[in-house]
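Chemist: Read off the chains here:
There are 4 protein chains.
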Amino acid sequence: MKDRFIETRKKSEDLCKPLLVEDYSLLPSEFVSPPKWHLAHTNWFWEEFILTKYLKGYTVYDPHFSYLFNSYYNAVGNRVLRADRGLMTRPSVEEVYRYRQHVSEAMETLLSIKFDKKLLELVEIGINHEQQHQELFLYDIKYIFGNQPTFPFYGSSYGLTEQDIKREFIKIPEGIYTVGHQGEGFSFDNELGVHKVHLSDFEISSQLVTNGEFIGFIENGGYNNFEFWHDEGWHWVNSNKIDAPLYWHKVGGEWFKYDLDGLQKVNFSEPINHISFYEAFAFAEFKAMRLPTEFEWEIASDQFSWGQLWEWTHSAYLPYPNFNKAPDAIGEYNGKFMINTMVLRGASVATPAGHSRKTYRNFFHPNMRWQYCGIRLVKKPDAISTNN
Amino acid sequence: MKDRFIETRKKSEDLCKPLLVEDYSLLPSEFVSPPKWHLAHTNWFWEEFILTKYLKGYTVYDPHFSYLFNSYYNAVGNRVLRADRGLMTRPSVEEVYRYRQHVSEAMETLLSIKFDKKLLELVEIGINHEQQHQELFLYDIKYIFGNQPTFPFYGSSYGLTEQDIKREFIKIPEGIYTVGHQGEGFSFDNELGVHKVHLSDFEISSQLVTNGEFIGFIENGGYNNFEFWHDEGWHWVNSNKIDAPLYWHKVGGEWFKYDLDGLQKVNFSEPINHISFYEAFAFAEFKAMRLPTEFEWEIASDQFSWGQLWEWTHSAYLPYPNFNKAPDAIGEYNGKFMINTMVLRGASVATPAGHSRKTYRNFFHPNMRWQYCGIRLVKKPDAISTNN
Amino acid sequence: MKDRFIETRKKSEDLCKPLLVEDYSLLPSEFVSPPKWHLAHTNWFWEEFILTKYLKGYTVYDPHFSYLFNSYYNAVGNRVLRADRGLMTRPSVEEVYRYRQHVSEAMETLLSIKFDKKLLELVEIGINHEQQHQELFLYDIKYIFGNQPTFPFYGSSYGLTEQDIKREFIKIPEGIYTVGHQGEGFSFDNELGVHKVHLSDFEISSQLVTNGEFIGFIENGGYNNFEFWHDEGWHWVNSNKIDAPLYWHKVGGEWFKYDLDGLQKVNFSEPINHISFYEAFAFAEFKAMRLPTEFEWEIASDQFSWGQLWEWTHSAYLPYPNFNKAPDAIGEYNGKFMINTMVLRGASVATPAGHSRKTYRNFFHPNMRWQYCGIRLVKKPDAISTNN
Amino acid sequence: MKDRFIETRKKSEDLCKPLLVEDYSLLPSEFVSPPKWHLAHTNWFWEEFILTKYLKGYTVYDPHFSYLFNSYYNAVGNRVLRADRGLMTRPSVEEVYRYRQHVSEAMETLLSIKFDKKLLELVEIGINHEQQHQELFLYDIKYIFGNQPTFPFYGSSYGLTEQDIKREFIKIPEGIYTVGHQGEGFSFDNELGVHKVHLSDFEISSQLVTNGEFIGFIENGGYNNFEFWHDEGWHWVNSNKIDAPLYWHKVGGEWFKYDLDGLQKVNFSEPINHISFYEAFAFAEFKAMRLPTEFEWEIASDQFSWGQLWEWTHSAYLPYPNFNKAPDAIGEYNGKFMINTMVLRGASVATPAGHSRKTYRNFFHPNMRWQYCGIRLVKKPDAISTNN
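Chains as they are written, first to last, in full-length UniProt numbering: chain P, 1 to 388; chain U, 1 to 388; chain F, 1 to 388; chain L, 1 to 388.
Worth flagging that the hints you see were computed from the coordinates, not collected in a lab.
Do not take every clue at face value.
Identical chains share a label here; the pair holds if one copy fits it or two copies do between them.
[Claimed, not checked] Below, in silico cross-link-like pairs of lysine to any residue (SDA-like), each with a Cα-Cα straight-line distance of 25 Å or less:
| id | residue 1 | residue 2 |
| --- | --- | --- |
| 1 | K287 | K336 |
| 2 | K17 | R90 |
| 3 | K241 | F31 |
| 4 | K336 | M289 |
| 5 | K166 | F304 |
| 6 | K118 | P381 |
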């Protein structure tokens, strides 16, 4: 456990290596957090939920930091409004690294002496929490860089794999299936509560939708035809003047996209990324197909390869039948977001190694698209009958 | 069919009898439509979707009205922005009644001569559409009157029945159940597509939550304790300064509510009305219970009495597995609202007779509460085991 | 005085004769008041400031009305928010007329028996106040009708006179001039305080700018060239997508405008109406001229004809050097608006007879243009020297 | 001139010495610019308006920078929206200093070889422009630091001088006075155009209003009494919940304020700082006095000491009678802001040495108060007569 702790902490800091000090504090939009805040907040989590409770004689690095770096745990007291996170030039980046050093050393001490079960469970949550922020950090730095006129280079390790031209549809028979996390390993509270679901038979694509296919949608007027859209999606498209995926730019008649390695020509064979649920749904309508439910995805996922991009499902993020949120502040982790959000399944190239499993329930509002996310299609019932 | 047509038309106009001309055109909020608009829009629906297509030689009453009184059918052309519906003082109320007379007479002629199946299906939709607006009219006139300092009297026929003090919990066993509309009669496209679901065993209340019980929530600080709320619900409560159900006023230490018969003291035994999904959920959390899913409700509904108030379920409004929206404009009726909305089941005292069935899927955004709606509770799993 | 009172009251009601009941309650924008509100508010003014203080035994018609129909007199207690004025369908139009009857009769009684100076001064203010609302009523009903797709006809008595093609520039010599209201007659507090000003010599047009000239501005790209605009004006043009005066519509390549007699082709020789200060300023820049100050206007006004349209001046609305606002609520009448507003001088065809004088200081925010207002130009200094 | 150039450039950079790299890029509010932007924008000004035109063979440092660091000169092409100025983490602070070095060297070369009059005039403008940004920089860094929970220390050189307890009122006789810039030295276009004004006699305070006096206003309910406020000011107070000057905090019953040397107890004898025009006006009303006009201030200023704080006048910022804005982009400097702004006269402790004169017309919107600004009172006419 101590090794995994050390490794996780190192990874968070390694991700920041391409940054200048200037890049740490920016807040370009309310849903984005500055890199400095990610570093400090994940650190605060260890201090608040573990060190102050389990390490005798631990002294908090700075009592103000609880106020500054709490994210949304109402139970822990007041916190800086989300929109103000980018307003803090102090503490400095250097001091935030000192703060991390302070907490890491104390945690390593603790993990050398204590092994009770409750503590280890919390450490597991802490590691998973910090891993989640590693992924969010990548979304955020992409947004920070991708909205600057100079399109800075971050790194080249987050490319996507080209999809096979030959798409197959995998048939899953009708039946009663068991879903939810069952193994020994770690999972979040929202995926616990194994239960049965009835699924009709369905056919699901072995491949993700590609950029080339999505350009077909654009060029056939997909963004201008209300028939494909939810009423709210149509409003979203028009009031935000959306006409392409996030980070796409048309230059001299050709599509380019900003990626972490700079502005690049769009590769038609790579999977489409950075589309909202509204766009994923509209694309499926355009193709006369549909998105899978999260349970269809979970059952079928053994038969296709996944992990490039989170995949929008047509399931609202709601509690499983026997969901019980954890007591006290940790219980605020997931349940309180179970409204007006949609489930994504899978993982992405930005997901830290060891942080994915087929029962994992990621979720975002249907208009969000700065996260790494793509589309996998399922045939509509009539299509099944006619195509077979 | 002709008789049902005539009866439906008369009901729409009877509902307006308590109004002054002044009351017909007001638009106090974006989600409310003025009475004049309800009368004209339901009328336009017959003209646009039936008369112009099925009645030879029919002349449209006024070609501008299609622009004025279309609601959200993008396929039919431009329309007045929702927020501008209250800006039209002309056509006058008198002219709208003449417009209705014109359409009613033409429809009666048509229904005396034509009987093909497609037409009768459309007439059925037209009747159901006008009935829906009759219910919306009552929500809207309550909102229009309930937000004026003089609290006008509308009528006394919409009171609620007191609930039994002895609440029972009805046990439903685990199993595979069939849901969705199966009968011969009319249904909307969103409830078609009979399919199977697996339900775990559960226990559901025979009664609705009462005003008295909800006052318990208020007095125990329910509106001030973030633990009971979704993150968005908590934000909604605080930014709108919500501290009671809609239409409630505390006067001299006692709770009053505006109802269609004026400002009245709150009756503790009547079911709680006009609460948002956020409030329904928070109340259930406060009680350590939960709301039923729409399928639990549908299966259990044979064993309790319903119809006083629409009942919030904990199901997002999403398409059934084999949902297919109708072609052309009629297809915009339901499917395009299947995002960020929650299902309500049952019916209310404002629902026209003959317009309810247990498979009916009503839906609203989770923050809406001007509709007639209440709460029915289900035990949480641990509560089931311990209480048995 | 009693005769003038009766005549003023009658005029307010005569102005409403072309209205349907439906037209009385609409509030299409925050700066517009519904006709019913004008009738009731002017009435309340008599009741609040005169009858309750001077007529023994007077009983207020309805004590709630003070809350409903106060406009902005903070000293008199709470009032309905401006944006809510359109939300009151009750009291009915009929009742508002009864309310006026009640007050008129009491005032006539009072004016038959009382003649003290303070009372007569207040009656004079009441008459002038009601006259101001008669003019505002015309602005408002034009806005209410002009924003409906049916462009209703109100009346034909508010047309403008064509301007002479031969424009002259009147020369006014440098000197010390006396400005401000000096006569015996009524004036508002903001025009009192006669004082001296020094004016350089200037040349002012004998005519108002015409529609034809303004079309020249439009066709030469005036709305697209930032050079002519204030920074705020440029922002106003772009964020509101302004490309023509209010009520103008381009139909089939020709300019039409809504006027109280319906939609009409624009007459090139009539003075331009319904432009904001921003537009008036930009037009003057385009012509390499300028607007007069309010004192230039006041001194020169004896030498040209005015009264068709209020004329924007390049003077901010600020207190005269020895301004003293009246004590208590009447003192709120003018002084509190002396910030971010610009002075207009003259009068318009919508101004009631007897309500104009050359010292009258009208004022509006620089973005407002639903009032009747036009442009008179003054030569720039270099133009004076070169043209002479 | 070259010496003054070098000195001005050095001062801009010296002002940044107390900053960390983190402090350079923050944009806490739309009216505040990040320090990095000030450094780069003033630099761009030299490059755009002088070097590219006067220095043969000059190569622009980076052609993108014109887009990034233009402020509001529409004539020079597109520019980064004001609200996006804080979104640029690149170019880095280090690079901005290299950019300044590049420009400074080129300017020094130019100033060693060229001396034509037009060039020297532009250099004078460039120096004054950079000085203005030095003062704005201090406002902005105070705002950036003053809104962080840690209240960082910047420096101690910007304190204010205590005011004499014995305030005198200086009498100025009625007369025709000449105002506007007349000397040889530099001035902006908005203060040119010497002209005559007539002033009535008035009495103006020899001292600025103190913190102690302003606390009297607060403690007598000044922020809660609409009588003292403009209608817009009253709205501003209530919608922004204003109850003290900017940067003031009540801690344990005592008033503290953030200043560039940290959080300090309020000194009753120092002049009040950081109040809006609305507050200055309300305070004057509370004292039954008034603010001076800009011309009264200019004429009387020889007889009192000024320069601690800019002083709000009761004059709107409007063009002088014979104002002519400069041709091309430089002409956008002042004239386009002459609407909805009020004039401040004098200078402040944040004003660079040599950048003040009694004809200088500073201006801000009446709600702004992050600039250094105070209040000087004038007696009202009746007070003059009765007190004498």
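Chemist: I'd like to know which numbered hints this structure contradicts. Please list them from smallest to largest.
Modeler: Violated hints: none at all, because every hint is consistent with the structure.
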